[in-house]
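Trainee: Protein sequences appear in the order of chains H and B.
Counting with this note's numbering, you get residues 1 to 663 for the letters of the first sequence.
Counting with this note's numbering, you get residues 1 to 297 for the letters of the second sequence.
No wet-lab data here; the hints were simulated from the structure.
Fair warning: this is a prediction, and the values are worked out from it, not measured in the lab.
Any given hint could turn out to be false.
Simulated pairs of lysine to any residue, SDA-like, Cα-Cα distance not exceeding 20 Å [what the hints assert, rightly or not]: (1) H:K142 <-> H:I224; (2) H:K473 <-> B:E171; (3) H:K473 <-> B:A213; (4) B:K222 <-> H:E465; (5) H:K473 <-> B:Q74; (6) B:K214 <-> H:Y464; (7) B:K214 <-> H:E482; (8) H:K397 <-> B:A161; (9) B:K119 <-> B:Q74; (10) B:K222 <-> H:E482; (11) B:K162 <-> H:E465.
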Amino acid sequence: MSRVGVFICHCGENIAGTVDVAAVAKAALDMPGVVHAIEYKYMCSDPGQTMLKDAIRDKRLDGVVVAACSPRMHEPTFRRTAEEGGINPYQCEMANLREHCSWVHEKGEPTTAKAVDLVRIQVEKVKRNHPLKPIRVPITKKALVLGGGIAGIQAALDIANTGSPVLLVEKSPSIGGHMSQLSETFPTLDCSQCILTPRMVEVARHPLITLYTYSELEKLEGFIGNFKATIRKKARKIDEKLCNGCGVCQQKCPVKKIPDQFNEGLSNRAAIYVPFPQAVPNKPVIDLENCTFFKSGKCKACEKLCPTKAIRFDQEDQIEVHDVGAVVLATGYKTMPVSNFSEYGYGKYKDVIDGMKFERLASASGPTGGAIKRPSDGKTPETIVFIACAGSRDRLKGVPYCSKICCMYTAKHAMLYQHKVHGGKATIFYMDIRAAGKNYDEFVRRAVEEDGVKYVRGRVSRVYEDGGQLVVKGVDTLLGAEQVEIRADMVVLATAVQAQDGAEELAQTLHVSYDPYKFFAEAHPKLRPVETNTAGIFLAGACQAPRDIPETVAQASGAAVKVAGLFSQPELTREPIIAVVDRQPPPVFSHCVGCFLCKSACPYQAIEEEPIKNRNGDVLKVVAKVNPGLCQGCGTCVSTCRTKAIDLQGFSNEQVFAELMSI
Amino acid sequence: MKSGIQDLQVGYFPGCSLQGSSRDFAESLHLVAKALSIELCEVPEWNCCGASSGHMIDHLVSMALPINVLLKAQKAGLDRVMAPCASCYNRLATARHEIAHSPASKAQVEKVLQTTIGKLPRVLNVLELLAEVADRIGPKVTKKFEQTVACYYGCLLVRPAKVTGFDRTEEPVEMDKLVAAVGGKTIDWNFKTECCGASFSVSRTAVVGRLGAKIMNDAVGKKAEAIVVACPMCHSNLDLRRGEINQRLDVKTDIPVLFITQVIGLALGLSEKELGLGRHFVPVAFPAKPVAAATVS
Numbered sequence: 001m002s003r004v005g006v007f008i009c010h011c012g013e014n015i016a017g018t019v020d021v022a023a024v025a026k027a028a029l030d031m032p033g034v035v036h037a038i039e040y041k042y043m044c045s046d047p048g049q050t051m052l053k054d055a056i057r058d059k060r061l062d063g064v065v066v067a068a069c070s071p072r073m074h075e076p077t078f079r080r081t082a083e084e085g086g087i088n089p090y091q092c093e094m095a096n097l098r099e100h101c102s103w104v105h106e107k108g109e110p111t112t113a114k115a116v117d118l119v120r121i122q123v124e125k126v127k128r129n130h131p132l133k134p135i136r137v138p139i140t141k142k143a144l145v146l147g148g149g150i151a152g153i154q155a156a157l158d159i160a161n162t163g164s165p166v167l168l169v170e171k172s173p174s175i176g177g178h179m180s181q182l183s184e185t186f187p188t189l190d191c192s193q194c195i196l197t198p199r200m201v202e203v204a205r206h207p208l209i210t211l212y213t214y215s216e217l218e219k220l221e222g223f224i225g226n227f228k229a230t231i232r233k234k235a236r237k238i239d240e241k242l243c244n245g246c247g248v249c250q251q252k253c254p255v256k257k258i259p260d261q262f263n264e265g266l267s268n269r270a271a272i273y274v275p276f277p278q279a280v281p282n283k284p285v286i287d288l289e290n291c292t293f294f295k296s297g298k299c300k301a302c303e304k305l306c307p308t309k310a311i312r313f314d315q316e317d318q319i320e321v322h323d324v325g326a327v328v329l330a331t332g333y334k335t336m337p338v339s340n341f342s343e344y345g346y347g348k349y350k351d352v353i354d355g356m357k358f359e360r361l362a363s364a365s366g367p368t369g370g371a372i373k374r375p376s377d378g379k380t381p382e383t384i385v386f387i388a389c390a391g392s393r394d395r396l397k398g399v400p401y402c403s404k405i406c407c408m409y410t411a412k413h414a415m416l417y418q419h420k421v422h423g424g425k426a427t428i429f430y431m432d433i434r435a436a437g438k439n440y441d442e443f444v445r446r447a448v449e450e451d452g453v454k455y456v457r458g459r460v461s462r463v464y465e466d467g468g469q470l471v472v473k474g475v476d477t478l479l480g481a482e483q484v485e486i487r488a489d490m491v492v493l494a495t496a497v498q499a500q501d502g503a504e505e506l507a508q509t510l511h512v513s514y515d516p517y518k519f520f521a522e523a524h525p526k527l528r529p530v531e532t533n534t535a536g537i538f539l540a541g542a543c544q545a546p547r548d549i550p551e552t553v554a555q556a557s558g559a560a561v562k563v564a565g566l567f568s569q570p571e572l573t574r575e576p577i578i579a580v581v582d583r584q585p586p587p588v589f590s591h592c593v594g595c596f597l598c599k600s601a602c603p604y605q606a607i608e609e610e611p612i613k614n615r616n617g618d619v620l621k622v623v624a625k626v627n628p629g630l631c632q633g634c635g636t637c638v639s640t641c642r643t644k645a646i647d648l649q650g651f652s653n654e655q656v657f658a659e660l661m662s663i
Numbered sequence: 001m002k003s004g005i006q007d008l009q010v011g012y013f014p015g016c017s018l019q020g021s022s023r024d025f026a027e028s029l030h031l032v033a034k035a036l037s038i039e040l041c042e043v044p045e046w047n048c049c050g051a052s053s054g055h056m057i058d059h060l061v062s063m064a065l066p067i068n069v070l071l072k073a074q075k076a077g078l079d080r081v082m083a084p085c086a087s088c089y090n091r092l093a094t095a096r097h098e099i100a101h102s103p104a105s106k107a108q109v110e111k112v113l114q115t116t117i118g119k120l121p122r123v124l125n126v127l128e129l130l131a132e133v134a135d136r137i138g139p140k141v142t143k144k145f146e147q148t149v150a151c152y153y154g155c156l157l158v159r160p161a162k163v164t165g166f167d168r169t170e171e172p173v174e175m176d177k178l179v180a181a182v183g184g185k186t187i188d189w190n191f192k193t194e195c196c197g198a199s200f201s202v203s204r205t206a207v208v209g210r211l212g213a214k215i216m217n218d219a220v221g222k223k224a225e226a227i228v229v230a231c232p233m234c235h236s237n238l239d240l241r242r243g244e245i246n247q248r249l250d251v252k253t254d255i256p257v258l259f260i261t262q263v264i265g266l267a268l269g270l271s272e273k274e275l276g277l278g279r280h281f282v283p284v285a286f287p288a289k290p291v292a293a294a295t296v297s
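If we strip away everything but chain H, and leave its shape as in the complex, we get (with noise of 0.2 Å):
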């Protein structure tokens, strides 16, 4: 015979004002199994908490129902009341007598009635609660951060220098990622690499980060604290270990007329290449579509002439397994291709260039040196112009969020032009200057202000090339709505930020969600930003939206916080919330009969087959077992389950079924 104790909280006048909490206990007292029910002003405080506290032990309780908010409020604190009480923590339950009732319905009879029904429903319930112990799971206490940029390299130190190893994984030639290409960093102007060199190296150097460049995960099984990593280590095609960077044979490597990546095809590498020239590490890689020897057999130039004998032409592709606590996605972003801006003319005029190959041209480690230079005849351009939002905000043909980066990159643009090119003119179009940030604002006040650029409130219709230069013709939506015409030497796109390529069959990879533009979904938009929602994996800088350098750094340190705090614990506890498959002994007589529907309903692979042998190890069936720590506890494979053998602890069929009779 169960005895329940009912604990009516008045929420202040939340739920008292509507509901008549005296009403509410005396109903309770006569329901069947409830040897105690109060009311009081405020059960989560101090004394409210003690009250229930002493009834547990002097009316000897064995559940309790707390009708009070919301649990997702409350829920942890009087399931912890009721285990200082001396009850197991599972059986309390809480009756959400303000979200669901108070404060959606007027004050009278009928919302009362309801509460009593809210009340008596979790009675049902608590009476068939049985006790449940926390899930332990051990945790491997290694990170993988996925994605080598500003955010990848932070999020990689930060972990690391908590004593926790660290998997770096990169899948281009060198760490670094979009900010080793940018020229002067907004607000600040200081110079991109001289703040993210430093720390490449202290990467490549810290013994607690293992590196692996050109790189890429394969597969991720497992759950948080306990994942499996399979990594490809594509092959350079040379001995990272007797290579010295030397550089000789890119020197000597007779293809030399490849677009140089790293420079946005503004110049040109070699079949063998390091990226940049400070690229860690700083080993060379073949690019198997254009080495001679690859598309020929014949060549071999690097290997007669490397000073260490460090190329490998037979070099082979290395997969390698690793057990990892957590993963952090720092993957990244790219622009997007404005091939559907035709309008604008990039692809077909030289001159029209994209925010990035702007970097490259401002940039001192960049083909001109840091001149601004027009790409076709390498004039420096009088007359620039800048178009700002080419594809953001646009949901004809582009995206409809903002770039968020864009007006502040456009703004350090047109004033990294003015400084180079004395007596330059600068125009940008823009829609609405976003400058929300610390000195933000005051850095595009600046730009008007101290370097005079020019700043149209309009768009461009089209950008067209006449007698050697740009005609930008587009509308000044300030000034009386007048077209204007402008003849440019250079016009320069600020490109929409999209996600990654691959990031969609990523997410797929590692059970994450995504939005509808392929951005990770965190957890939370608000409360949980760096989560998401598959636990022990967490989420830093423009893979999960667009996110300037600032942000990226401080998501990346926030995530890095969430795995040591992770791995700061002994081992993983979970709530016991999960679906059991019915295993009364003997084992033979489990209701389980092996069809496995359930494993194909469940959504996050927690269902596996466990065979059931005899003493001389003969299998005699194979039933359905839940991997507790994969477990969610939707339940969604209890309902799928023909013969009844999967039930949710905590939620079972029978309190289910209880709660709902009782009504």
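Using the hints provided, position chain B relative to the given structure of chain H.
Mentor: Structure of chain B alone, referenced to chain H:
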């Protein structure tokens, strides 16, 4: 059904231009349609589409007029209506789009027309229709149209993209493909979709002259020997208003303006007279070519 080309039936809304200022468009369209086994079924008792003035004055009128046309077409059992005039096309397509997306507008129009609107016929422009039967054109070409031309689309065929859903808004190519199919060369130029001044042709000819001059300047500068259009307004403004245009050009130009149907008609070997080439203000003449090859029998 390998042999013989099936007759393609499509609703046809001529609008006022094709009966007046652009009779040559209508004549060439009918001839080409016949040659390509397209049966143009004229919408019975059609009314004005409300172009130019209708939508400037009253939104409801601008909706109700074209919807009334589409209702008549639907009643006549037509599931598609081709409107050769770009203005008509745009009005019909815009009204249809609004009715489909705004229940309030639909209710208003239903009220004034005292009817209920069901599934309305789809609206096509002439380029869409010709693109559909492009494979029929090639085999019938008897005299390649060996000119270099500027395909001028104007504003109404492709915009707004969410309404027309036709071709690439800023850089359309469908007409270029048709010209190429009959042996012509097209130039890559910058004024494909710029405004010609449309109905200002009547009220403010100076505006039309200024806009037209920019268009002609770029086309001629890129060595076009003719302009090809698919819109009566574009044609009028570049042909009828050539005088105004030439006043604003440093070097006067006399390159002709042809309808796409006339270009195809010429390639199919149809009579120049019947194609209405004689109706133009700028005479249709092309620079003599140093032709060496003998005529194909």
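Trainee: Now tell me, hint by hint, if it's right for this structure.
Mentor: A quick look at each hint next to the structure:
no.	hint	result
1	H:K142 <-> H:I224	11 Å, holds
2	H:K473 <-> B:E171	15 Å, holds
3	H:K473 <-> B:A213	16 Å, holds
4	B:K222 <-> H:E465	12 Å, holds
5	H:K473 <-> B:Q74	43 Å, violated
6	B:K214 <-> H:Y464	13 Å, holds
7	B:K214 <-> H:E482	18 Å, holds
8	H:K397 <-> B:A161	9 Å, holds
9	B:K119 <-> B:Q74	8 Å, holds
10	B:K222 <-> H:E482	28 Å, violated
11	B:K162 <-> H:E465	28 Å, violated
The structure fails hints 5, 10 and 11 (numbered hints given earlier, in ascending order).
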